[in-house]
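Protein chains: 4
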Amino acid sequence: DDSFVLAGVKYHSRLLVGTGKYKDMEETRLAIEASGAQIVTVAIRRTNIGQNPGEPNLLDVISPDKYTILPNTAGCYTAEDAVRTCRLGRELLGGHKLVKLEVLADQTTLFPDVAETYIAAELLVKDGFDVMVYTNDDPIAAKRLEEIGCIAVMPLAAPIGSGLGIRNPYNILTIVENAKVPILVDAGVGTASDAAIAMELGCDGVLMNTAIAAAKNPILMASAMRKGIEAGREAFLAGRMPRKRFASASSPIDGLFF
Amino acid sequence: DDSFVLAGVKYHSRLLVGTGKYKDMEETRLAIEASGAQIVTVAIRRTNIGQNPGEPNLLDVISPDKYTILPNTAGCYTAEDAVRTCRLGRELLGGHKLVKLEVLADQTTLFPDVAETYIAAELLVKDGFDVMVYTNDDPIAAKRLEEIGCIAVMPLAAPIGSGLGIRNPYNILTIVENAKVPILVDAGVGTASDAAIAMELGCDGVLMNTAIAAAKNPILMASAMRKGIEAGREAFLAGRMPRKRFASASSPIDGLFF
Amino acid sequence: DDSFVLAGVKYHSRLLVGTGKYKDMEETRLAIEASGAQIVTVAIRRTNIGQNPGEPNLLDVISPDKYTILPNTAGCYTAEDAVRTCRLGRELLGGHKLVKLEVLADQTTLFPDVAETYIAAELLVKDGFDVMVYTNDDPIAAKRLEEIGCIAVMPLAAPIGSGLGIRNPYNILTIVENAKVPILVDAGVGTASDAAIAMELGCDGVLMNTAIAAAKNPILMASAMRKGIEAGREAFLAGRMPRKRFASASSPIDGLFF
Amino acid sequence: DDSFVLAGVKYHSRLLVGTGKYKDMEETRLAIEASGAQIVTVAIRRTNIGQNPGEPNLLDVISPDKYTILPNTAGCYTAEDAVRTCRLGRELLGGHKLVKLEVLADQTTLFPDVAETYIAAELLVKDGFDVMVYTNDDPIAAKRLEEIGCIAVMPLAAPIGSGLGIRNPYNILTIVENAKVPILVDAGVGTASDAAIAMELGCDGVLMNTAIAAAKNPILMASAMRKGIEAGREAFLAGRMPRKRFASASSPIDGLFF
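Residue numbers (our numbering), protein chains in the order written: chain A, 19 to 276; chain B, 19 to 276; chain C, 19 to 276; chain D, 19 to 276.
These aren't lab readings, by the way, just hints derived from the structure by calculation. Bear in mind that the values here come from a model prediction, so they are computed numbers and not experimental data. Careful: at least some of the hints might be erroneous.
Below, in silico cross-link-like pairs of lysine-lysine (DSBU-like), each with a Cα-Cα straight-line distance of 35 Å or less [as the list claims (entries may be wrong)]:
{"hint": "1", "chain 1": "A", "residue 1": "Lys28", "chain 2": "A", "residue 2": "Lys41"}
{"hint": "2", "chain 1": "A", "residue 1": "Lys115", "chain 2": "C", "residue 2": "Lys161"}
{"hint": "3", "chain 1": "B", "residue 1": "Lys161", "chain 2": "D", "residue 2": "Lys144"}
{"hint": "4", "chain 1": "D", "residue 1": "Lys144", "chain 2": "A", "residue 2": "Lys262"}
Covered stretches of chain C, going by a simulated chain D footprint (3 or more residues, C-beta under 8 Å) [what the hints assert, rightly or not]:
{"hint": "5", "stretch": "21-29"}
{"hint": "6", "stretch": "144-155"}
Glycine included, C-beta positions come from ideal geometry on N, C-alpha and C.
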């Protein structure tokens, strides 16, 4: 039984997904279903989960009965904005305490502003939230966010929406080795092997959106990602062979029959 | 229905496995089962498939009724040896025409001797064999082996037993783009993401042995590889997102609610 | 005349060097000479530049008449310590205002503590220092340190003393593109090509110590680094050819004579 | 005195250059001068070195008194063509025995046809030529060409004119380790750090054309390449520091003064 725990809840799927950039609500629904995700993140500032009563509500399609809804602060550039957004999400979701905090530095790179993230994380933890936090791949920042009380740390693989895969595996590995909370790669994954690599480094999960939604066939890519995550996780648990420049043949070299 | 065809037979599993380096026959059996492989390659010069009547016979464990047995010429360093070994395999397997040809250059690198491989391939094709052929990652050699009449070309990812993964993805991609026969990466894969990458490049399958047998938990790694292959294949078919240095946020940047 | 300016002084050498880890003072002197460096950084907390009157003084070997001495705060783990160390350096060097600030997070990774670095940088800038600052490769942190008033920003290539080369060229490139002050790679370079790559990315210079001092032949490696830096700088200025998968031959394909 | 020997002649410059793709003869001359090259390769089938008496003759600009002229068989796709071209070159150059053999497989990839190259090399060696030979990065092919009697083996870094740098450093390293003749990387280098890496792997030299001629400023790039080659060579001789994930600080961690 391979699972990980967030805020007291056990999850079997290690693939977390977003809801942005799909063609329509139906594609969103089908892709998320194919991904096998149990946690779905929703950008409170961009997605109607009840703020706009007359408009289509995402929660009609992605039901909180079936999925853990993870409200996120995408589009927030200050700690203050992010904290306010989390409070709005909590209200809309009936007291739900789990949030994904992201405080971005600018609209071009979408890199996190780590200093503002510290401030927001401290406020949210004090306010009783269960904070999962998006950050850069600096092992020192990751540790600090854990010490602040975040329940999961989510370093980027590469810039949001870039699809570049894990730019600095050494940093991700160091973050994993030093962590006592779950580490989930968030942002930058582009294809299934990228997700597998994250898991082979020992991450507890991967959150993605664009890599699925911007594939030519998002539903098939969702399935690919699901399998990539499982493959990487199993390979991590199985313990890979050592890398060598050369090896003896696949079969023992002694004992030829003729 | 995603399958590929070798010598007129349709296969759904794109993971081909060897039988060397396992602890015992039981581990061999369980790992191969977990891999989901339909094709199992056997080193004729090292494995008893009937040559030594009094000894344990691999075919009692890996039944030809269940698996396509792919005799290979591991341990052969000349075209002559390789051809002789294929003929022995055919005899032992009751006229079976499918073989994996490998002619190695030396015992250290285990790189193929491509010039000798050409010679052996020509002889075997003329002799009515269905030849799958191990080669280096030179696109020119791959094309030549196809022209000789091999039914599948199997370039290495990295040296046999090295676990280094695909050293030169550009070359594998070029081989795939130019091919009219199935291309299967053979040798050098170390973990699940390596297998996924091979499939994302458009390969039709991957053959491996050490990466499974030399993992700490071979049976779990076999499952990881199965999923890695499927993940990579689906990602290839799904059409990945383009790589960019930066992108807009995962959710559209316009239309903020507040 | 290709030069860069730090605190109003023009420098022609883009290779900055440290003084640690050498066999003896003579090797230090010879390696620094071979490097062509004009700026030599000195760890105030570890190197005698006058604090210990009875002991050998580095400045007798590396004369401030010949080199710009750049006192650094290696070994400081808090902003307070770093500021105190800078003040001591200024005193020992007769009012010298140029310093290299580094505030480390721990003794294992030697990664910078970016949050503490911000604090120290603000205090030092206010106190009239010309601050060159060691940081991680986060483009947001680099920009913030520039905005604080640092006269040069010095992102790491890889962990101090690792010799791993530039782990994340995309980040270094983004830092360079966004900067209005000189960007110098500091830490992690291992060999001459690493230094060349830093310069090809558009950096203004590279600071290193271990890569020279821990080579088998430090004096020859110092020369290699000097040339590597110059090579990379010239290649950057010359404007490299575009990367392509294939190209026409080196000579035009038309106009064969026979 | 660091030099290498080809056909009994000692060379100090390890950068060999071509003459294709320049704007005009004057730019060719200046770039080659800036490169410091002592050996200049000339495509016999494309360059007038006397075949066309009325037209401008390259040898008027690149004098055989100053440079070793290395006729090459660029544009030849069969052993027969290549051998014929070498004989023409020998005639035009007054009995000159040094040639660079290249037999290409197709006009798109410009990869060598290794099998045809073997044939041509055997014929040329028998005919008394001193054969430097372009090949792929297969260590087995490199060794075979040495055994045939070639005086230098020249594996590609990447496809001709691609500027992709060394695609498979492991292969180049294996070629170098196994060789008793000079190994020179030929083709695929794009910028100065690529050239440095080739030398750091232990190659005896690098031949290039497009990387210089197709730079925005070819003359400055020629200088960059010269320095890159020297930097890489010196770094190789100096013996680089070991790579580590982390290290102690650049200065010893003990003995802090306060």
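Now the hints, each set against the structure:
Distance check on the hinted pair: Lys28(A) and Lys41(A) sit about 31 Å apart at the alpha-carbon level, within 35 Å; holds. Proximity of Lys115(A) to Lys161(C) is assessed by CA-CA distance (about 34 Å); at most 35 Å being required, the pair is judged to hold. Using a Cα cut-off of 35 Å, the hinted pair Lys161(B) and Lys144(D) holds, with the two alpha carbons roughly 30 Å apart. A threshold of 35 Å between alpha carbons decides the hint, and for Lys144(D) with Lys262(A) the separation of about 40 Å lies outside it, so the pair is violated.
Counting residues of the stretch 21-29 of chain C whose CB falls under 8 Å from any CB of chain D gives 0; the rule of at least 3 is not met. Requiring three or more residues with a Cβ within less than 8 Å of a Cβ of chain D, the coverage given for the stretch 144-155 of chain C is violated, as only 0 such residues are present.
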